[in-house]
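Chains A and B, in that order, are what the protein sequence lines are.
Heads up, the first sequence is in our numbering, so the first residue is 1 and it goes up one at a time.
Heads up, the second sequence is in our numbering, so the first residue is 1 and it goes up one at a time.
Just so you know, these hints were derived from the structure itself, not from any lab.
Think of the CB as a built atom: it goes at the ideal place given N, C-alpha and C, for glycine as much as any other residue.
Keep in mind that a hint or two might mislead.
With the Cβ distance kept under 8 Å, some of the chain A side facing chain B (calculated, not the full set) [said to hold, decoys possible]:
| id | residue |
| --- | --- |
| 1 | Leu-25 |
| 2 | Ile-29 |
| 3 | Ile-30 |
| 4 | Pro-34 |
| 5 | Leu-151 |
| 6 | Leu-153 |
| 7 | Ile-157 |
| 8 | Leu-159 |
| 9 | Ser-248 |
| 10 | Phe-249 |
| 11 | Ala-252 |
| 12 | Ile-274 |
Computed footprint of chain A on chain B, listed as stretches where at least three residues anywhere in the stretch have a Cβ under 8 Å from a Cβ of chain A [stated by the list, open to error]:
| id | stretch |
| --- | --- |
| 13 | 87 to 96 |
| 14 | 243 to 252 |
Pairwise CB distance ranges, derived in the manner of DEER restraints [claimed, not checked]:
| id | chain 1 | residue 1 | chain 2 | residue 2 | range |
| --- | --- | --- | --- | --- | --- |
| 15 | B | Ala-191 | A | Ile-302 | 51 to 59 Å |
| 16 | B | Arg-51 | A | Asp-33 | 35 to 43 Å |
| 17 | B | Val-185 | A | Gly-134 | 49 to 57 Å |
| 18 | B | Thr-176 | A | Tyr-304 | 53 to 61 Å |
| 19 | B | Pro-46 | A | Thr-158 | 27 to 35 Å |
Here is what each chain is made of, one letter per residue.
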Amino acid sequence: MTLYLLRRLLSLSLTLLAASIVVFLVTEIIPGDPAAFMMGINADPAAIAALRSELGLDQPVAFRYLNWIVGMLQGDFGQSYTYRVPVSELVGDRIAVSLPLTLYALALSTLIAFPAGVFAASRRNAPGDIAIMGVTQLGVAVPNFWFAMLLVLLFAITLQWFSAGGFPGWDAGVLVALKSLTLPAIALALPQASILARVMRSSLLDTLDEDFVRTARAKGLSRSQALWGHALRNALIPVLTIVGLQFSFLLAGGIIIENVFYLPGLGRLVFQAISQRDLIVVRSVIILLVFAVVAVTFLVDIAYAIADPRLRRQRR
Amino acid sequence: MSAPPADRNAEGNFLGAALRHPAFIAGLVLTLLFVGAALLSYLWTPYDPTRLDIAAKLQTPTSGHWFGTDHFGRDIFSMLMVGARVSIAVAIIAVGIGVSLGVPLGLYAAAHRGSLLDEVVMRGNDLIFAFPSLLLAILITAVFGPGAVNAIIAIGIFNIPVFARLSRGAALSLWTREFVLAARVAGKGRARISVEHILPNLMNLLIVQGTIQFSLAVLAEAALAYVGLGAQPPLPSWGRMLADAQTFISLAPHLALFPGLAIVLTVLGLNLLGDGLRDLHDPRLRRART
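Bound conformation, chain A alone:
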């Protein structure tokens, strides 16, 4: 088990290292000089040169890359070119919006998808199953930003239950803040819940066809007893993977939704930073999101190994 986890950890660390090189090089070729951008169009070339050296932009590429990596490992993400504050501070403020939004959406998605998937599987090919599959088929096809606009139209403009956008901050009270994240979270959750419900259903149907469920039924358990007591636990493994994948999907999907609702999250930060050539912010946010994806993948692996001892033995 330890050996297995160490191997996974090594492989994920290598992925992260490769990702950091890619992100660094890609942001390196973004056209436009950050120093010139910060000084404005009428700036004196000498002043731009001075700023470039102050920002360390005149150093060799490899040196700047190492500087960035070593700094990040020590928790120092550098200084934003445009905001003139530490990137970690800037990112910290934005994570306080993006992470709760992601978790909120993930919770909604799971809460909707699990019962829907189990219900559909327990009534295979009955009207209830067909209705749920129809709705999820539609849910997968709806772009979340369009769904967000429809939610705004109905709940913010027509019914005026929610505000159409903006974030009051956590200082305004947890409930007020959560309320402003509700429409964005629903918009993010719907397509994901549809995917998850479909996976839940098909995984459960596969498990229900297996021999041990038939044995349980033969021993006198009712269909629903066999489903809840035996099949469900075993059907959860593929579902767990999808939940793990959805975390990163939602975190990144927030980029668009944050723009619809004018939420001050990581997504809007990336957009602003790209347009202002604030490369250090762009880099840090992207590598942070990649780190989140890799970390969640690792956690799912651990959960797997705990849930299913066979996997541990197989991979060793």
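Guided by the hints, dock chain B onto chain A, whose structure is given.
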């Protein structure tokens, strides 16, 4: 063990089974509808979709303008037709990039299982999968500038590992089959076996995955266009029409309705088509349904 007799029977009955598969028919009709609209837009649209007519701005649907007009008085129906062209072209080329690079990589990796290149291909896939796809697409379009071509590249890159992984996995199991062994005994090389024996057996799988990736590409293109990184004006695109509509959402909600429905129906059509093809090509699934 090459093609079992049941499969041949299934191929023969394909058309009959397809006609009795309502989801497949619905998917096919929707897909053909949008492809047809896109093609027709080259020959005819009710109005010139770039023609501004401020006097007729923000009209609700009428007999003159079937879906109404936008804030510049442009005809929405005509814009949707041309938008279908953009959407479908971006998606086809992006998926094409994924197939034409991913499938050879996957086949090569499977044919040389355990080799250095196999390892490189698979780790490269892991690397691309570690990036939230939309984020890297935004970054790519930020580097190379917004526009349809760069949207194609950004979406295409993410399709490469999808097809590489799929074809490697399926090819690996085919390599253990007897008809492949027979080909090896007959003296065929790995490359020739991959092309002549493995690839034809992957076609069904690739077509099904292709329609799924196609629908994801339509959604991705719409998202990029919505944030201003897709096709640029005056070329209409569904995503940008929605971004424009957002400004007028309380004044003219119908502006947001039609482009959104166009995206949903296109994606729905492609998904139904993909599901249908999968059912029809997999006799095991078809039996389970009936």
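Hints, verified against the model:
Interface restraint check for A:Leu-25: the shortest CB-CB distance to chain B comes to about 10 Å, outside 8 Å, so the restraint is violated. Evaluation of the A:Ile-29 hint against chain B yields a held restraint, the C-beta minimum of about 6 Å falling below 8 Å. Annotation: interface hint on A:Ile-30 holds; nearest CB of chain B at approximately 5 Å, less than 8 Å. At about 14 Å, the closest approach between the beta carbon of A:Pro-34 and any beta carbon in chain B exceeds 8 Å, and the interface hint on this residue is violated.
Interface hint at A:Leu-151: violated, since its Cβ lies 11 Å from the closest Cβ of chain B, which is beyond the 8 Å cut-off. Look at A:Leu-153: its Cβ gets to within about 6 Å of chain B, closer than 8 Å, so that hint holds up. At its closest, the beta carbon of A:Ile-157 sits 5 Å from a beta carbon of chain B; the interface hint therefore holds under the 8 Å criterion. Below 8 Å, beta-carbon pairs count as interface contacts, and A:Leu-159 has none with chain B, the closest being about 13 Å; its hint is therefore violated.
For A:Ser-248, the interface hint holds, since its Cβ comes within 8 Å of a Cβ in chain B; the closest pair sits about 5 Å apart. For the restraint placing A:Phe-249 at the interface with chain B, the shortest Cβ-Cβ distance is roughly 7 Å, inside the 8 Å limit, so the hint holds. For A:Ala-252, the shortest C-beta to C-beta distance to chain B is roughly 3 Å, which falls under 8 Å, so the interface hint holds. A least Cβ separation of about 4 Å between A:Ile-274 and chain B falls short of the 8 Å threshold, and the interface hint therefore holds.
Here's how the stretch 87 to 96 of chain B fares: 0 of its residues keep a CB closer than 8 Å to some CB of chain A, so the rule of at least three is not met and the hint is violated. Using a Cβ-Cβ cut-off of 8 Å, 4 residues of the stretch 243 to 252 of chain B lie near chain A, which meets the minimum of three, so the contact claim holds. Checked against the hint of 51 to 59 Å, the pair B:Ala-191 and A:Ile-302 fails, with Cβ atoms roughly 40 Å apart. Between B:Arg-51 and A:Asp-33 the Cβ separation comes to about 40 Å, which falls inside the hinted range of 35 to 43 Å.
A hinted range of 49 to 57 Å for the beta carbons of B:Val-185 and A:Gly-134 is consistent with their spacing of about 51 Å. Between B:Thr-176 and A:Tyr-304 the Cβ separation comes to about 26 Å, which falls outside the hinted range of 53 to 61 Å. Take B:Pro-46 and A:Thr-158: their Cβ atoms lie about 31 Å apart, and the range 27 to 35 Å holds.
Of the numbered hints given earlier, the model fails hints 1, 4, 5, 8, 13, 15 and 18; all others are met.
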